[in-house]
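Residue numbers (our numbering), protein chains in the order written: chain A, 1 to 710; chain B, 1 to 182.
Any given hint might turn out to be false.
Stated by the list, open to error - In silico SDA-like pairs for lysine to any residue, Cα to Cα no more than 25 Å straight-line:
hint	chain 1	residue 1	chain 2	residue 2
1	A	Lys24	A	Asp172
2	A	Lys601	A	Arg699
3	A	Lys180	B	Phe133
4	A	Lys35	B	Leu30
5	A	Lys189	B	Thr140
6	A	Lys180	B	Lys129
7	A	Lys241	B	Lys139
8	A	Lys180	B	Gly37
9	B	Lys139	A	Ala73
10	A	Lys241	B	Thr140
11	A	Lys329	B	Arg158
12	B	Lys129	A	Glu563
Note that these hints are calculated values from the structure, not bench results.
Listed here are the chains, written in short residue letters.
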Amino acid sequence: MKKEFKASINRALNDANLTGALGKFSEAYRVNRAKAYEGIDFEALRGRIAEAKSSAACHLDEVAEVFKENAEALGAKVFRTSDPEQVKEYILQVARDNGVKSVVKSKSMASEEIHLNKALLNAGISVAETDLGEWIIQLAGQTPSHMVMPAIHLTKEEVAEIFSKEVEERLDSDIPRLVKVARNELRPKFLAADMGISGANIAVAETGSIVLVTNEGNARLTTTLPRIHVALVGVEKLVEKFETVVPILDALPRSATAQLLTSYVSIITGPSPNDDGSLKDLHIILMDNRRTEMARDPKFKQALQCIRCGSCLNVCPIFRLVGGHVFGKIYTGGIGTILTAWFDELQKSEEIQGLCIQCGNCTEVCPGKLDIPEMILEIRRRLVLEKGQPLAQKAIFSVVNNRKLFHGMLRAASVAGKPFTSGKFIRHLPLFLSDLTDGRSLPAIAEKPFRDIFPEIRQPKGGEKAVFYAGCLIDFAYPETGIALVKLLNKAGIEVLFPEEQTCCGAPALYNGAYEVAAHNAVDNIKALLEVEARYVVSACPTCTVALAHDFAKTLQDQGRSEWLDKAKELAEKTVDLSTLVKRLVEEGRLSFEEGEDLGKITYHDSCHLKRTLKVSQEPRELLQKAGYELAEMYECDMCCGMGGSYSMKLPEISAPILKRKLHNIKETGAPLVAMDCPGCVMQIRGGFDQDGETVRVRHTAELLAERLK
Amino acid sequence: MFEQFKTRATGVGAEVHRVVTRRDAVDFILGFLKKEGVSDLSGSYAVWADGPFLRGVDRELLKQVPGLSLKVTRERTAQAKIGISEMSFAVADTGSLVQDQSAVDQRLASSLTGIHVAIVPSANIVCDKTALFSRISPKTSRYIAFITGPSRTADIERVLTIGVHGPERLIILFVDELGGAA
Ligand code: SF4
Ligand code: SF4
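Please model the entire structure based on the sequences and the hints provided.
This is the structure in C-alpha cells:
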C-alpha cells in the first residue's frame, strides 16, 4: 500500500468533523431508514427492482434503441455513444450551434465521470452546479465525497468561508442564511442560462421518458428555464417498462435519505414548451463508457442494477470512518470501488478495494440487490491476476497450500512460544500477528492443538455422526471451543469425527484474491471431510462455514475445476453452523439445559458472516436465553468488530477505531459477559478488552452452552 | 384518504386546508394574499396560473387585486412572492401533489416563487403511485410533476433547511366542489 494512501486514511481518521458528521449521520440513518420502510416488504420491493433492472441490462442494446426511437418520435434528439470524448464533443457542438454562453447543471454523476465541466470551461462557457452540495464542492474546487450528499465532509464554517469568497462579503455560518445566499446567487444564473444539463434517475424505453428526483427543485428549474435541455444519462438508468418507475420511486428516496418521496419528481417525455412559446430543444445522451461491457461480464452484470441511492455508503463501517475522499473518487464507497474500477480504470481501484472489510452491511440494505463485497473480491482477484501476488503473501500462501508444512509451522510456533514475524496477514493465524497489537492483545497459540486433544476425548459410539470442521483458529488457538462443541453433540448422542487431513478453509487466500490457493484448500478439505460417513459437517466458525457452504463451489467453478462441483455441493448440503444445529437438537428434545438458575445479563455480538451470509442471528440468542442468561442487546449489535481477517493487519488504523466502538457498545449494556459465534471475533474483542483493562468476559457461544448442559 | 394525505403532507412541511365551494376557495386565497401583504411591488407580486378552477371564477374580481397577475410570465414570476396553481391529484401514501405541467406557466408558478398555493379537487385523492399511474400517463403528459412538501436541502451538515431553489412554503387547498374531472 502506498504511503500517500495511508496518509490520506490517517488524515480522514483525524478529521473530527468528517468522522463526526458521518458517524452521526449513519447512526440516525439506520433508525430513519427503518421508519421510512415501515409497512413495506423490502425483499419483495428490491426483488422487483433487481429483476427489472437486470432484464434491461441483459438487453441493453435493444432497450437503448427502443428508448431512442420513442423519445425521437416525440421530438427529442437522442445520441448514443460508448465514448466519453464523444459525449463532450456532442455537448460542445450543441453549445456552439446555439451560441451558448452559460450552463446550469442539475446533479449528474455521469457528467462528473467524464469531467464535463472542465471541457465546458475550456470552451469558454460558464458552468454552475445548482445542487447545493455540488455547488459548494464546485466553488471549493473539490470532488464529491458522497453520492447523495456531496458536501457532507464540510462544516458550516467551511461553507461560510467558501461562500464568503464567492459573494465577497463576510458571511456568518448560520445554515438557513447560507442556503438563502445560495438561492440568491444561483437564481440569476438559472434565469440567464442558455442550456440546462441534467442527469436522470430513470430512463424508460417504453415511453421515452426520463425521471428526475430532487429535493431542492433545481432540476425543475434546469429543465424549465433554459431553452436547451441536455440530459446526460448512463445507460444503466434504462428500464423497459414505465411500471418500473413505481418500485424505483418507492425505494430510491427511502434508501437515499429515508424520505417517503423527495420534494420533486419530474417525468419528462419529449420536449415541452418554453415560456416564449417555442418548444424545448431536448437532447438526451445515452452514455455507455464500458457499461455494456460490464453487462456482459457475469460477475459484474449485477452492478447495473444499482439505482445510486448511496445507502451502501450510509451503512458501511469503513466509509463512516474515512469518508468519500479516501474511499473512491467520483463514485465513492463500496459501490464506488466497483464503478471506479470500470469507469475509470482497474488500477485506480487498487488501493480503495482493500478498504472493504467484507462485512456485508451494504448488501443487506441495497435496493438493487447488489452483492458489493463479492464484486470487490472479484476486483481483488483480477488485480492479483494482472499484477501477481505480492512476494511475502505468495510465500505465506505456499505454506497454507501445504497442510503438513503449515500445521508443522503452527506447532513449531507454539513450541518456540514466540510469534512468527512473517506472513502476518493471514486470518485465523493469531500467532502470526505479532507486531500489530495496536488496541488489542493477541492470543498465544495453544500448547496443545485441538487435533492432539481430540483423540483423548471419550465419546459415545454407534449413534449418529457429525464431522467437525475446526478451522485454524479453533484448532490451534482456541481448542476449548472445539471441546465444548464435542461435549454438546455427544450429549445429544452424536459422535464427532475429526478428519486429520482437514486444513485451512481457504478464506485468507480467497479474501486476498489468491483463488488458486483457495481452490487447492477447497479440494483438500472436500476430500478430507467427505471421506468419512456422517450426517453433518459442523463448524463453530462462521467464516469457515461460509467457505464450506458457499465459497468452495464458487471458487472451484471459477478456477475451472468443475470435476469437484458435485462433491462441493454434497459438502455444502451437509454443512451447518453450530448454533443452528444445537437449536435443532434442542427442539427435537435431544438436548436441554439446566433450569432454574439466573445467570445474569449477557450481550451478543453478531458476526458478519453468520448474520448476513448465513442469516443466523436468532438461534444463538434463543439458546443463550434458554441456558439461563438474560439478554441485553447492545447498540449496533451486528456491526463489524473490525477483525475482517487480514484486514486488521493491513489497515490497523481503521480496524482499531471500529473495535473501540464495539467495545464501547458492549460496555454500555452493563453486561459482564459478551457471547459470539466466531473465533475471529473472540480474538479481536477479547484482545481489545485485554488492552482496555476492562473485565468484560468474552466467550464463544459453544462454550457457554456446554457449561449449562443438563 | 384525505386524513392520510394530510398527515403525510404536513409531515413533510406542507400546510393543508380544505373548503367546500369555489367561492370559499377564492375567499381563502384572497384572504391569504392579503395576509401575506401581496401588493404592486416587485418581490410582493402574486401570479396565478391558468387552469380549470380559474376558468370557473369571476376573473374581474381577481383583476381588482393589486399585485396579482393572471398572466404568468417568467419575469413577473421571478419577482413574485406567491405562485398559485392547480394540481390535479393528491397521492395519499406520500402526501404528494401531481399534475401534468406541460404548460410552462404551471411550472413557473410552482417553482420560482417563495410560496406555492396549490388548489386540488378533493375528489382526486388517490391512494398510491400505482393508482395514480392509471389516471395520468407520460403518453399524454409531457411533463409530469410530483410535488411533496416545500423545497428542501440537507447538504450543509445534514441540517434540514427549507426553501432552496423552490418554494419554502407549500399551501395545499382542497376544494370539495371541484369534481373529479381534473
Ligand atoms: S449499490 Fe445498492 S445501495 Fe449502493 S448506491 Fe447502488 S443501489 Fe444503492
Ligand atoms: S462489505 Fe462492508 S466494508 Fe465492504 S463496502 Fe460493504 S459495508 Fe463497506
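Review point. Are the Cα positions of Lys241 (chain A) and Thr140 (chain B) separated by 25 Å at most?
Key: Distance ~16 Å between Lys241 (chain A) and Thr140 (chain B) Cα, so the pair holds.
Check your understanding: Is the straight-line distance between the alpha-carbon of Lys189 (chain A) and that of Thr140 (chain B) 25 Å or less?
Key -> Since the Cα atoms of Lys189 (chain A) and Thr140 (chain B) sit roughly 32 Å apart, the hinted pair is violated (cutoff 25 Å).
Review point. Given the proposed pairing of Lys24 (chain A) with Asp172 (chain A), does the C-alpha separation stay at or below 25 Å?
Key: The given pair, whose Cα atoms are some 24 Å apart, holds under the 25 Å limit.
Review point. Has the given pair, Lys329 (chain A) with Arg158 (chain B), been kept, meaning a C-alpha gap of at most 25 Å?
Key: 21 Å, holds
Practice item. Mind checking the alpha carbons of Lys139 (chain B) and Ala73 (chain A) for me, to see if they're no more than 25 Å apart? Key: OK: Lys139 (chain B) and Ala73 (chain A) at ~12 Å, within 25 Å.
Check your understanding: Between Lys601 (chain A) and Arg699 (chain A), is the straight-line Cα distance small enough, at 25 Å or below?
Key -> 14 Å, holds
Check your understanding: Is it true that the CA of Lys241 (chain A) sits at most 25 Å from the CA of Lys139 (chain B)?
Key -> Holds, at about 13 Å.
Point to revise | 25 Å Cα cutoff - pair Lys180 (chain A), Lys129 (chain B) | key: This hinted pair is violated, its Cα atoms lying about 33 Å apart.
Check your understanding: Is the straight-line distance between the alpha-carbon of Lys129 (chain B) and that of Glu563 (chain A) 25 Å or less?
Key -> 51 Å, violated
Check your understanding: Going straight from one Cα to the other, do Lys180 (chain A) and Phe133 (chain B) come out at no more than 25 Å?
Key -> Violated: Lys180 (chain A) and Phe133 (chain B) sit about 36 Å apart, past 25 Å.
Check your understanding: Taking 25 Å as the top limit, are the C-alpha atoms of Lys180 (chain A) and Gly37 (chain B) close enough?
Key -> With a Cα-Cα distance of about 21 Å, the restraint between Lys180 (chain A) and Gly37 (chain B) holds, given a limit of 25 Å.
Practice item. Compare the distance between the alpha carbons of Lys35 (chain A) and Leu30 (chain B) with 25 Å, and conclude whether the hinted pair is satisfied. Key: Given that 25 Å is the threshold and the Cα spacing comes to 39 Å, the pair is violated.
The structure fails to meet hints 3, 4, 5, 6 and 12 from the earlier list, while all remaining hints are met.
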